[in-house]
Every structure is written in structure tokens, then in C-alpha cells.
Amino acid sequence: MQEIINIFIRSVFIDNMIFAFFIGMCSYLAVSKTVKTSIGLGVAVIFVQIITVPINYLLLEYIMKPGALSWMSDSFKDVDLSFLSFMVYIATIAAMTQLVEMIIEKFSPALYNSLGIFLPLIAVNCAILAGSLFMEQREYKNMGEVLSWGLGSGVGWMLAIVSLAAVREKLKYNKIPAPLRGIGITFIITGLMGIAFMSFLGIKV
Amino acid sequence: MSLLNSKNFKLLANPLNLDNPVTVQILGICSALAVTTKLKPAIVMGLSVIVVTAFSNLVISIMRNSIPPRIRIIVQLVVVASMVILVDQLLRAFVYDVSKQLSVYVGLIITNCIIMGRLEAFAMGNKPWPSFMDGIGNGIGYSIILIVVAFIRELFGSGAIMGYQVVPQSFYDAGYINNGMMIMPTMALVLVGVIIWIQRSFNKELIEKE
Chain U
51 MQEIINIFIR SVFIDNMIFA FFIGMCSYLA VSKTVKTSIG LGVAVIFVQI
101 ITVPINYLLL EYIMKPGALS WMSDSFKDVD LSFLSFMVYI ATIAAMTQLV
151 EMIIEKFSPA LYNSLGIFLP LIAVNCAILA GSLFMEQREY KNMGEVLSWG
201 LGSGVGWMLA IVSLAAVREK LKYNKIPAPL RGIGITFIIT GLMGIAFMSF
251 LGIKV
Chain L
579 MSLLNSKNFK LLANPLNLDN PVTVQILGIC SALAVTTKLK PAIVMGLSVI
629 VVTAFSNLVI SIMRNSIPPR IRIIVQLVVV ASMVILVDQL LRAFVYDVSK
679 QLSVYVGLII TNCIIMGRLE AFAMGNKPWP SFMDGIGNGI GYSIILIVVA
729 FIRELFGSGA IMGYQVVPQS FYDAGYINNG MMIMPTMALV LVGVIIWIQR
779 SFNKELIEKE
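Protein sequence lines correspond, in order, to chains U and L.
Letter by letter, the first sequence follows residues 51 to 255 of the numbering used here.
Letter by letter, the second sequence follows residues 579 to 788 of the numbering used here.
None of these hints come from the bench; they were simulated from the model.
Where a beta carbon is used, it is the ideal one built from N, C-alpha and C, also for glycine.
Heads up, none of these hints are tricks.
Here are the in silico distance ranges between beta carbons for each label pair:
{"no.": "1", "chain 1": "U", "residue 1": "Val-129", "chain 2": "L", "residue 2": "Ile-652", "range": "22 to 28 Å"}
{"no.": "2", "chain 1": "L", "residue 1": "Ile-755", "chain 2": "U", "residue 2": "Met-248", "range": "14 to 20 Å"}
{"no.": "3", "chain 1": "L", "residue 1": "Ser-779", "chain 2": "U", "residue 2": "Met-248", "range": "26 to 32 Å"}
{"no.": "4", "chain 1": "U", "residue 1": "Ile-59", "chain 2": "L", "residue 2": "Val-745", "range": "34 to 40 Å"}
{"no.": "5", "chain 1": "L", "residue 1": "Asn-757", "chain 2": "U", "residue 2": "Glu-155", "range": "49 to 55 Å"}
{"no.": "6", "chain 1": "U", "residue 1": "Glu-155", "chain 2": "L", "residue 2": "Arg-650", "range": "16 to 22 Å"}
{"no.": "7", "chain 1": "L", "residue 1": "Ile-785", "chain 2": "U", "residue 2": "Thr-87", "range": "21 to 27 Å"}
{"no.": "8", "chain 1": "L", "residue 1": "Arg-650", "chain 2": "U", "residue 2": "Lys-254", "range": "44 to 50 Å"}
{"no.": "9", "chain 1": "L", "residue 1": "Asn-781", "chain 2": "U", "residue 2": "Gly-117", "range": "51 to 57 Å"}
{"no.": "10", "chain 1": "U", "residue 1": "Arg-188", "chain 2": "L", "residue 2": "Ile-652", "range": "25 to 31 Å"}
{"no.": "11", "chain 1": "U", "residue 1": "Leu-149", "chain 2": "L", "residue 2": "Lys-678", "range": "32 to 38 Å"}
{"no.": "12", "chain 1": "L", "residue 1": "Phe-749", "chain 2": "U", "residue 2": "Ile-55", "range": "44 to 50 Å"}
{"no.": "13", "chain 1": "L", "residue 1": "Pro-647", "chain 2": "U", "residue 2": "Glu-155", "range": "16 to 22 Å"}
Bound conformation, chain U alone (with noise of 0.2 Å):
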């Protein structure tokens, strides 16, 4: 237990996926002009994010990892499917988004009006795969540890887009050298927000 908080800490925080590894900088910059979009957008990638992380997982853990397929006969034992890993993921992430969209559209219409629009955008959102990538790598253990990791990653990317929006609706009024208006002056502070996050990294979890 102790171990899946540390998990969800580490990944909100310590290795955010905005500051640490600029993942999901496109949507990121592109999404946060004001707050109000980049709450539904940080929603609707929270959302995904648990939802293809955990199914990435079984996947992985079950079909393509060395030797993984051996529960269906001794015969599999030796196949290898790793190197397949990135289409496999891709594709549940499209397939994912297409399908919640679909049943968020059926289900809850007002929920669709305020997300529908960002979810084709999250198929092709670094943050999304990069969840299942860093799941690979990092060798998470068990489901728990793996949702921990899917909703701790989303809700760290959600947290540095909304502050990044509230930021930037405040930037209105000020008045920025000209050719560093807009997109410069948002890499900059992006920049300075990742060194207040360095803060964190002190910490022992």
C-alpha cells in the first residue's frame, strides 16, 4: 500500500510529466490559453490516462513480454513479441478514445459537450503513450502500482496545465517585448515553473 501512495506522489510531483520530461508539450502549450479549457482537457487525459495504462499493462504482461504467452501452451514459451510494443500501444490508445468518446456521447451528453472535443486530440497526446512507455520501462510490479502510475501521471499533467493557463490569463496584461509575445514568454515561464518543481526533487519517498 505504502508503496502505491509513494508511487502516486512521485509521479504527480518528482517526475511530472510536464517538467521533468516535457511530455505532452504540444496539447500543453497549445490548450492553455484559458483555464476553463485546460481543466476539460486535464480531465479527459486523467480519464484515458487510467484507462490505457492498465490495459498497456495486461497486454504487455500477458501477450507481448518474453516468454508471457506461455499460459496458452509450453510450446510459446521461447516468443518474444517486445518489439511490437509501440504498435500495440497506439493502437488500444486510438481505439480507447474512440470508445470512450462514443460511450461518453451516449451516456452523458453534457459530459460530452465539455470533453468531447479534446478526446480525439489525447490519441495522439505524447503524455498518453509515454504512460505506457514509462510503465514498461519502470517495471511496475503489480495493477496497483500501475493505476497508481496512470492517475498520479495525469493528474501532474493536469496540474501543470491548469497553473500554466492561469499564468498565461494574467500575461494579458502585461506588456512583453514583441517578438517574445505569445509563445516565447510561454516557454519561458514554463521553464521557471519547472525550476520551482526542482523543489520536490529533495524529496525521499
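Fit chain L to the given chain U structure using the hints.
Just chain L, lined up with the frame of chain U:
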């Protein structure tokens, strides 16, 4: 038909400056920043992206008339993913240490917005050869930014270029210290911000309206 007439050359040259994927189109930032602490991984990453953009542009452009529009994203992702698997296996076979350093970022080329962006914006509506040129041009534009950022970070962060020490020992004896900030991931963001600043002060038309 000449393969390198002025129109095709423009496709190749525009992304280098006025239409640069990183600083102007703001695509593909994720990997641009994370692999730039050292020059060598940055160059390898740049080359991989050039190969993947060029060839996936080419393949999608050849198939463009037979892809049903509703499922085009999945088709594009599958094509890109197979290109990336090829590149990843090649890197593991020939430059294993760099491939370890790049870790998940090779896989992330799949969702690199440069590739999807170019496929959607260009390859879906143009003939194979111009799409191929566009892919190469954008790949090179991306690599240039990567190499500039990596050069600055490696020079000031560890006093070396391509792993060779260039800041002489006598400097360190005299009290020169490597700037540890440059190694930190966040400095890459600030550096790209500064590059954008410099580029836009030379090209006034790129400045955003208030």
C-alpha cells in the same frame, strides 16, 4: 519534370527558418527538449525524425486516395508506428548506448506532433515527391533546433562538445565551474524561448499580434 525545381526546393527550405516546425509551428516540443543535454543523442534523434517524417509522408501520400477519412488517424498512426519500430530496432542494433539514453523518446516519435501535423496538413493533399521533400525539410528544421540547443547545453553544462572536453583544464584551475543549470531539463525550455525571441526579432512578420 525536374525533381528539384523551385517549388520543391521551397518545400525543403521553408521549414528551416520561416516555417520552422519547432519555433514557428510549435510542434514536436516534447522530444526536442528532453534529448538535448548532449549533442550526440540530439543528432541521432534528429536523424531518426528526418527518416520517419520523410518516409511516413511518402507512404501516406501514396495511399492518400484510398484512406477512408473517418479512420485516417488510425491508419496514419499505424504507418508511423511501423516506421518508428524500424528506426528503434536499427538504433538498438547499431548505437545501443545512445538508444538507451533516448529511452522512451524514440517511441514518442509516433506521437510527435510534427509527424502527425505534416501528414494531416501536407501529405493527405499532395503528391508523393513534394510530400517526401516536405518531410525531409521539416525533419531538418527540427534537427537544427535540437542541435543548437544541445550544443549550447553541452558546451556550458559539461564543457564538452560531442563528448570531447573543449574547456581546458586551466580554466577549471582558475575557478571556472560548469553551469549545472544547463543540465537541468528546464533550461532547454528557456533556451528555446530565447531562440524564438532571436528568430522573431530578425523576422518581424513572425511576431504575434496583440
